[in-house]
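Novice: Chain by chain, the residues:
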Amino acid sequence: MIKFENVAIRYDSGPDVLQNVNFTLAPGSYHFLSGPSGAGKSSLMSLLYLGRKPSSGKVTMFDRDIGAAPREALFPLRQRIGVVFQDFRLLDHLSAFDNVALPLRIIGRPEAEIRSHVGELLDWVGLGKDKQSLPPTLSGGQQQRIAVARAVIARPRLLLADEPTGNLDDEIGYRLMGLFEQLSRMGTTIVIATHNQQMIEKFGHPRLVLENGSVTVIDETQGKKIRNVF
Amino acid sequence: MIKFENVAIRYDSGPDVLQNVNFTLAPGSYHFLSGPSGAGKSSLMSLLYLGRKPSSGKVTMFDRDIGAAPREALFPLRQRIGVVFQDFRLLDHLSAFDNVALPLRIIGRPEAEIRSHVGELLDWVGLGKDKQSLPPTLSGGQQQRIAVARAVIARPRLLLADEPTGNLDDEIGYRLMGLFEQLSRMGTTIVIATHNQQMIEKFGHPRLVLENGSVTVIDETQGKKIRNVF
Amino acid sequence: MFSEKIKALSKIPRPNLPLVNLKGKHPLIDTAIDKLALREYDLPLHKSEDSKFLVLLVGLMSFLAVLAFTGAFTLSAMSARWSSGLENKVTVEILAETREGLLRSDAAVKEDTQKIAKILSQSPIVKTVDIMDEKEIHDLIAPWIGKDLSLTDVPLPGLIAVELRSGTKPEQLAKLTRDIEDASRSANLSTHQDWLADLVRLTGTLQLVALVIAAIIGITTITAISGGTRTRMAIHREEVELLHLIGATDRYIARQFQRHALVLALKGAVAGTLSGLLIALIVALLPGNSDSSLTPQITLGAAHYIFLLLLPLLAGILAATTARFTVLRALARMP
Amino acid sequence: MFSEKIKALSKIPRPNLPLVNLKGKHPLIDTAIDKLALREYDLPLHKSEDSKFLVLLVGLMSFLAVLAFTGAFTLSAMSARWSSGLENKVTVEILAETREGLLRSDAAVKEDTQKIAKILSQSPIVKTVDIMDEKEIHDLIAPWIGKDLSLTDVPLPGLIAVELRSGTKPEQLAKLTRDIEDASRSANLSTHQDWLADLVRLTGTLQLVALVIAAIIGITTITAISGGTRTRMAIHREEVELLHLIGATDRYIARQFQRHALVLALKGAVAGTLSGLLIALIVALLPGNSDSSLTPQITLGAAHYIFLLLLPLLAGILAATTARFTVLRALARMP
Ligand SMILES: Nc1ncnc2c1ncn2[C@@H]1O[C@H](COP(=O)(O)OP(=O)(O)OP(=O)(O)O)[C@@H](O)[C@H]1O
Ligand SMILES: Nc1ncnc2c1ncn2[C@@H]1O[C@H](COP(=O)(O)OP(=O)(O)OP(=O)(O)O)[C@@H](O)[C@H]1O
Ligand SMILES: [Mg+2]
Ligand SMILES: [Mg+2]
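From first to last, the protein sequence lines stand for chains F, A, P and W.
Be aware that the first sequence starts at 2, since it is given in our numbering, and climbs by one per residue.
Be aware that the second sequence starts at 2, since it is given in our numbering, and climbs by one per residue.
Be aware that the third sequence starts at 1324, since it is given in our numbering, and climbs by one per residue.
Be aware that the fourth sequence starts at 1324, since it is given in our numbering, and climbs by one per residue.
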């Protein structure tokens, strides 16, 4: 599914933020991405959601060499990736409903389907009453839930979430994490960047740890069954 | 210092977000503000940082009736309040340094003083190397630290922080909380909105809990000394 | 259960829609809207502050275009009218003097005139032959010799007005000219060719002017629209980037700017075209305009009406295309 | 230790500063900059896309203003020149006919003329007296009676050209008029008052035109600047709100927009004024312009130069004030 070989990331002519990154994520796998603030989690994420190409090294996703792929080839790949951005990136002038509907509209689903699916999901994340509200009139946690809903609405094959519960209380936080577990069981590959140590321990998935500019994979789940937290 | 009497908040012609809010915060007191997502924490904060006037009821701050005060009277009050906004609200075109310097420039401090104070504080929050970076080129946690630095740089008499550690790992998170403790000991009145249950338990300050549109003050610290966490 | 929610949902009024919201009224309409991508914009382009300015600019340009083309059409119609009034007419003059400068007798001139008239009326390309009488000739030449001087003192030339059949070929006319000049050395056929050449030149100049004006209008519109599009791209950079990141193709994004530019341009062009038409009509209906066939008279022919119909369309297509390429070029810079 | 860091800091080049960065060079400079608030903007106003448009507009307006005022100055200088050439001159006519229409004898007219000339030369307000001879009078009246007809047939009036001392008061002139008319019922003093009244009216009209142009220019500039300021307020709403929330006074925020508008307007106005001046100079130096004292001649007096110096300043103040009030009104809506 995803393979990083000797990947480095740098911004413009600055120093390497990450270097010599090597790891493989199997289809349907679930990883936490952790590391101190400024370690490069969001930068690594931006590679995964095809927001940038590696400065050097080779990234293979969906059986394609991303660095070598032509621009046009990336559009359909991006449509199969769901992203929760750390800063949400909602469209302020679109209602909660239209924000969540966006990925479906981009791939041209019929409006009737959009209406039922988006409505259902918004109800589920507790925003049933706020469907027509604009993001700036919603609370931080409500905005974060819209961001999560937008990321999962199109049943992506790869789900990336950057600190998806930073503004949420534990109850809703666990609820969303449960949603991610469900998606994982349905075959979605998942990478979640988080500082929340509790969360990491509770769900006990293998971890990609960023430190001092490189990545280590820590897997303490060998043979251990994931605790059922619901 | 701060007194809320029968305060209600509503947006435009919507329903009351909060109603019948009554509490008093003594000078130098330290409170956590908690409650589920969408309960009205940020809305209550916006009253405290004079971002809006109460829809009804009476708010007294710095010995003034805020609802009745003329516009001009609020400028100097705001200059004595430091705020960490939930969404940071950094000025994207100003460097980290200039963002933090803003409150000092507004009250017209000399540049030499600004340069030393801001530099020192940025070093302390771990952004010594990023002084001249623009916020969009910084990580989420780095931006949050700039927001915190900007809130405390002018030694405010009232410090309000809305989820100030949501994007930070525990180490930096505790470091900032320690900074707030220090300010508190120096007489600053502090209100911190957070979902982080651990944080609340660890520092054990009295809590303002929002639930179902009203506020309860829970003080379990009676006679209990605050644990020294440093 | 969901259908209830959806019903409730569809009742909520949605403000600020750039187009009438037809969605949800009928599945077929929905499909059509989806197909035509007539959904409201993902980007709040219609809230741009300079939209009014762009509409105004396109309006002004269209207004100018209508006036310029009305002028051009009118003048070229006039020139067509004049030339069609002249092109089938020739005049044959039988000189009253010999080529050597001696006066000829009245009788000789009259005789020659009759002879030439006969030749003319036998020619297959001639439709009518009209020998002018003394009074007519007098009226024609009076301005040159003074009205009150006795005409009997001056030998009058013979003049024959000839109308040719339409479709006469230049070779046929040349042959007739030769026949006449063979018949009398004093006969002279004049075909108004100078006049016609002038008219052709005038028409050509007018077409050039219209072309230049059209070019200026086009370039101004393109510049303004592409400038406006770039401003919008800059203002909505983050939103465009977001759309790009969640998988929107370049065409999906470009379509929004394109449609926006189309709507702006249509608004402006329709308003401008109608105002231009109004002014043209007012000028056309001003009294004293149709007095003489030689003063300009605004003529709105079929071509003109088609052009007026096409102008807003043209402006719209121009604007949409400009916006499209501007956006695509900017998008190509994203990975 | 901190001083080292600060040194390192001050070496980092800071791009996109709207003003030269003098900060940190010397504490006194710092203080001065602080006092004058010449710090770079907290808001990225100078990056606005329509800045160029506003500069252009102010430039055009200034250009127009310079041309309009140069024209007005020139014409009013001309009218001043004409009137100063006339205002101290009066003409006394001794009629050749009696008021009843009878011809008077040449001798009687001559005698009257001498008598009046004597009275005139004794008046304290008269500088020179010049009795015109027959030739001069002939030249003056020839256009009315035909050049070739014998003048001896027509009785000539007497004409005396009088130059008054400058500073003559109207009452003094009225007294002189009475004195002359008392001396001879045939004497007639004409003061060119009609001419002067015309000139005064012309000057008044020119001043009105200049005023109207100035008003149009002012209103256009105000509209554009306040529109531009409102656009900027809208674009930077969040940033303005942030400044407001952390304690910035309205004046602190307004100052930024104000300074930005000032800089834009100064740029535009200086460029526009200089271009206008250039055009005026070119026209002034065109050959054939100074041939006759009656054709317009561009005169750049001291007032003109002061005005040219003041124009950019005026535009700047206008722009800054407009921006200030636009911002203050918008800010007043924040709690
Ligand atoms: N500008 C606004 N206009 C209208 N409604 C608003 C506005 N801001 C907030 N609200 C509504 O007020 C309620 C409380 O929002 P608030 O941001 O205060 O919640 P919160 O406690 O801070 O939540 P969170 O923990 O998710 O940040 C929410 O239901 C929200 O929709
Ligand atoms: N657009 C950019 N241009 C230049 N440098 C950047 C840019 N984005 C990030 N950086 C730098 O790259 C480093 C890693 O940033 P990144 O956002 O990946 O960290 P992170 O692990 O997500 O941190 P956090 O937990 O605080 O969100 C930081 O030092 C940051 O300054
Ligand atoms: Mg990050
Ligand atoms: Mg909040």
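Everything labelled a hint here was simulated from the structure, so no lab data went into it.
Errors might be hidden in some of the hints.
Derived lysine-lysine pairs resembling DSS-like cross-links, with alpha carbons at most 30 Å apart [stated by the list, open to error]:
no. : chain 1 : residue 1 : chain 2 : residue 2
1   : P       : LYS1375   : W       : LYS1375
2   : A       : LYS130    : W       : LYS1375
3   : P       : LYS1370   : F       : LYS132
Simulated restraints on C-beta separations [unchecked claim]:
no. : chain 1 : residue 1 : chain 2 : residue 2 : range
4   : W       : GLN1530   : A       : ILE108    : 30 to 40 Å
5   : P       : PHE1648   : A       : GLY179    : 17 to 27 Å
6   : F       : ASN21     : A       : ARG186    : 37 to 47 Å
7   : W       : ARG1656   : P       : PHE1648   : 37 to 47 Å
8   : F       : ARG65     : A       : ARG72     : 35 to 45 Å
9   : A       : GLY68     : P       : LYS1370   : 31 to 41 Å
10  : F       : THR138    : A       : PRO207    : 38 to 48 Å
11  : P       : PHE1648   : F       : ARG65     : 53 to 63 Å
12  : A       : ASP17     : F       : ASN21     : 15 to 25 Å
13  : P       : LYS1370   : A       : GLY179    : 39 to 49 Å
14  : F       : ASP64     : A       : GLU121    : 48 to 58 Å
Ideal Cβ placement from N, Cα and C applies to all residues, glycine included.
Novice: Please go over all the hints and tell whether each is borne out by the structure.
Specialist: Hints versus structure:
1. LYS1375/P - LYS1375/W: Satisfied, since the Cα-Cα distance of roughly 18 Å is no more than 30 Å.
2. LYS130/A - LYS1375/W: violated (36 Å)
3. LYS1370/P - LYS132/F: Status holds; Cα separation ~22 Å.
4. GLN1530/W - ILE108/A: 30 to 40 Å: violated (50 Å)
5. PHE1648/P - GLY179/A: 17 to 27 Å: violated (56 Å)
6. ASN21/F - ARG186/A: 37 to 47 Å: holds (46 Å)
7. ARG1656/W - PHE1648/P: 37 to 47 Å: holds (41 Å)
8. ARG65/F - ARG72/A: 35 to 45 Å: violated (59 Å)
9. GLY68/A - LYS1370/P: 31 to 41 Å: holds (33 Å)
10. THR138/F - PRO207/A: 38 to 48 Å: violated (31 Å)
11. PHE1648/P - ARG65/F: 53 to 63 Å: violated (28 Å)
12. ASP17/A - ASN21/F: 15 to 25 Å: Between ASP17/A and ASN21/F, where Cβ atoms are some 56 Å apart, the hint is violated.
13. LYS1370/P - GLY179/A: 39 to 49 Å: holds (45 Å)
14. ASP64/F - GLU121/A: 48 to 58 Å: holds (52 Å)
In summary, the numbered hints that this structure violates are 2, 4, 5, 8, 10, 11 and 12.
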